[in-house]
Amino acid sequence: DAILSIHPGSGGLEAQDWTEMLYRMYSRYADSKGWKVKVLDLVPGEGIGLDRASIQIEGRNAYGMLRSESGVHRLVRISPTDDKKRRHTTFAAVEVIPVLPDNDISVEIDPNDVRVDVYRASGPGGQCVNTTDSAVRLTHIPTGIVVTCQNEKSQLQNKEAAFRVLRGRLYELEEKKREAELAELRGEKMDNSFGSQIRNYVLYPYRLIKDTRSNIESGNVEAALDGDIDEFVVGYHRWKASL
1 DAILSIHPGS GGLEAQDWTE MLYRMYSRYA DSKGWKVKVL DLVPGEGIGL DRASIQIEGR
61 NAYGMLRSES GVHRLVRISP TDDKKRRHTT FAAVEVIPVL PDNDISVEID PNDVRVDVYR
121 ASGPGGQCVN TTDSAVRLTH IPTGIVVTCQ NEKSQLQNKE AAFRVLRGRL YELEEKKREA
181 ELAELRGEKM DNSFGSQIRN YVLYPYRLIK DTRSNIESGN VEAALDGDID EFVVGYHRWK
241 ASL
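Take the sequence shown: its letter number 46 is residue 46 in this note's numbering, and every next letter is one higher.
Don't read these hints as lab results, they were simulated from the structure.
Mixed in with the good hints, there may be bad ones.
[To be verified] Below, in silico cross-link-like pairs of lysine-lysine (BS3-like), each with a Cα-Cα straight-line distance of 25 Å or less:
1. 240 - 33
2. 240 - 210
3. 33 - 210
4. 85 - 210
[To be verified] Estimated spans, in silico, between C-beta atoms of each pair:
5. 46 - 228: 42 to 50 Å
6. 83 - 242: 40 to 48 Å
7. 212 - 81: 23 to 31 Å
8. 172 - 36: 30 to 38 Å
A quick note: this is a predicted structure, and the numbers were derived from the prediction, not measured.
Using N, Cα and C, we set each Cβ at its ideal position, and we do this for glycine too.
From just these sequences and the hints, can you work out the full model?
Take a look at the structure:
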């Protein structure tokens with residue numbers, strides 16, 4: 001499954017209208033594939049279009065296919081908001097990320113991976129704290145994380161507290177790994193403006209859609225904007241596989 005988000009770039013009201021056009025295009029494309037579309041965030045623009053859109057697309061190969069759409073999309077047309085009917089260029093950025101499993105990361109610690117050292121607690125404390133080996137140091141060998149605890153009265157209590165801290169540290173480590181993986185899947189951030197586009201949609205002075213990566217192009221602009229973008233999606237993956 002995939003989460004597809006669209007954000008207007010430079011172009012003001014035009015960019016908001018373009019964002020809504022892309023939202024419609026991807027919704028229609030998902031319908032044509034038999035995928036389920038769930039709206040996560042839909043914010044109307046100021047008088048026209050959408051200020052942002054985010055949808056979850058559920059279905060077989062949804063993320064794999066839609067990875068082709070991640071990037072900046074450029075539209076050239078006669079502006080419907082321009083009284084003088086001048087040609088405008090506008091942009092919108094599309095981001096596609098996978099739906100990751102629930103955020104409940106399960107942290108299981110193999111006892112064989114942990115070295116447990118006990119030692120005499122230091123500092124102020126009761127008689128037992130300072131005269132017995134109640135302090136505990138845990139070393140998680142695979143990650144090198146070291147946790148110490150000496151505040152509790154018994155070695156057992158310190159050990160339990162230390163393992164709680166170790167689980168928290170390992171959880172945090174897994175969260176950072178997941179964030180890094182997600183950042184890699186998102187891809188390189190590009191300016192939502194001229195020179196960064198992955199695809200051009202030209203409605204005036206001629207009618208043509210061209211992908212700047214695969215060089216796939218089509219003059220059937222209406223069909224594409226109505227969701228018929230398979231040739232661009234598949235063309236991207238063929239191009240990517242040939243690199």
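Identify every previously stated hint that the structure contradicts and give their numbers, smallest first. Going through the list in order, the structure violates hint 5 alone and respects the others.
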